[in-house]
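Undergrad: Residue-level listing of the chains:
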Amino acid sequence: MSTLVRASELAQRVVVTYGGEDVAQIKDIVYAANGGEIGAFTLAGRGLFAGPLKVGLPWAAVVGLGQDAVIIESEDALVPLADLFDAADGPVSSGRADILKSEVLTDAGTSLGRVSDVIIGIGDTQGGQADVVGYQIDPAETLGRGKLPLLIPLPDTLSASGEHLMVPAAAANYLTDDLASFGSAIDAFRSQLGGAS
Amino acid sequence: MQWWVWLIIVIVIILVVLGAFIAVQARRRSGGVIINDRKRGKK
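Chains A and B, in that order, give the protein sequences.
In terms of the working numbering, the first sequence opens at residue 1 and continues consecutively.
In terms of the working numbering, the second sequence opens at residue 1 and continues consecutively.
This is chain B alone, in the form it adopts within the complex (with noise of 0.2 Å):
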């Protein structure tokens, strides 16, 4: 294959990864409402 093809790739699998590390950092930081359930497991 020609030289710029595989650069395309490349970049294209650059794009991937840094996409979906963005992703999981964003749904690793988004938040939630947590209850603190003390009792559970107790009953």
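Just chain A, same shape as in the assembly (with noise of 0.2 Å):
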């Protein structure tokens, strides 16, 4: 079983060593297009005039992820961007698209709205993997759903691409707006797609 957060309260946790020394704060996830798992966090430097830094934190790195911080053995465990985007074989800055504010669509071509947030599956066990499951969306008004915000079901063989994000059309099925029973929006989703393959 795992724990579902939503990438919003990750993002500005502060990254502390074992060694208490506070090195950074969560700027960016960053997950595969092709999966859905969890690679990176990108980082901000601490205080007021420190911009984006130039090194990332790879999830393997990562030992501990807390209510207020995320924990990791010393600031060796952080790595240059480039070799956090270049890990494999793509280009590093055509490669990457922020996904919030993406139009969502099914398969059969119906919006259902806009990426507000993402919601991610974090195994309980200590370096277990991390996955993107679903998307908060605010609702297109042909939904009929009213304006607050809906989660929506993710297929565990996840594709995307920054500028559209398609789900299958059956997704629109498990809209939820609790992410208590999120989980088992999700469980039935994946249950029905793997029925219906």
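Simulated from the structure, these hints should not be mistaken for lab results.
Incorrect hints may have been included.
Label pairs and their calculated CB-CB ranges [what the hints assert, rightly or not]: (1) I9/B - A82/A: 39 to 47 Å; (2) G47/A - I11/B: 22 to 30 Å; (3) I9/B - M166/A: 50 to 58 Å.
Idealized CB from N, CA, C, for every residue including glycine.
Assembling the complex is the task here: the two chains are given apart, and the hints tell you how they should meet.
TA: Shown next, in the form of structure tokens:
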């Protein structure tokens, strides 16, 4: 079982070493387009005058994730951003896209709304995998679900790009506004997809 | 103009510049969710 958290709850958490040194704060969450696995965090410096850092934090280097801080062994765990994004084989700049405010479309071509947050499932075991399991969307008017944010589950074989985020049309049947019950919505949705294939 | 008018103008300019700096810093530090789409451009 995994714990569900919103990406916005992770952003701006302080990164602290075992030695108690306060080295940075979380800026962006970086995940893989294929599979949705969380790969790394980009970082910003601490203090009003500090901007984004040129180093990032690989997910594998996180040894503890608390309510207020992310724990790493030491500052050596941070790696240059170029290494994080070049870890496979793509270009550094053209291969990245912030998905907040991107439009969510079903594979039938219906707009469900725009992404306002991302739901991450974090494995309960230390060092476990973390995956993007859903989006929080500001629903499209055509959906007729009011203006309150809704949560939409994603298939476990997520495929995404920055401009439009495609989801199976069946995902619209599992929209919920409650994070506590979202886990069961994800399971039901994925079971239906598994049964259909 | 009176000296205090210049003083007020200078103070207003300083406040505007400071506000703009803080706004830019807040934007630079604000977070997002990034797809690492390593295969884009190869399709």
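Undergrad: Mind checking the hinted window 50 to 58 Å against the Cβ distance between I9/B and M166/A?
TA: Given about 55 Å between the Cβ atoms, the range holds.
Undergrad: Evaluate the given range 39 to 47 Å for the C-beta pair formed by I9/B and A82/A.
TA: holds (46 Å)
Undergrad: The hint says 22 to 30 Å between G47/A and I11/B; measuring C-beta to C-beta, is that right?
TA: holds (25 Å)
Taken one by one, the earlier hints all hold for this structure without exception.
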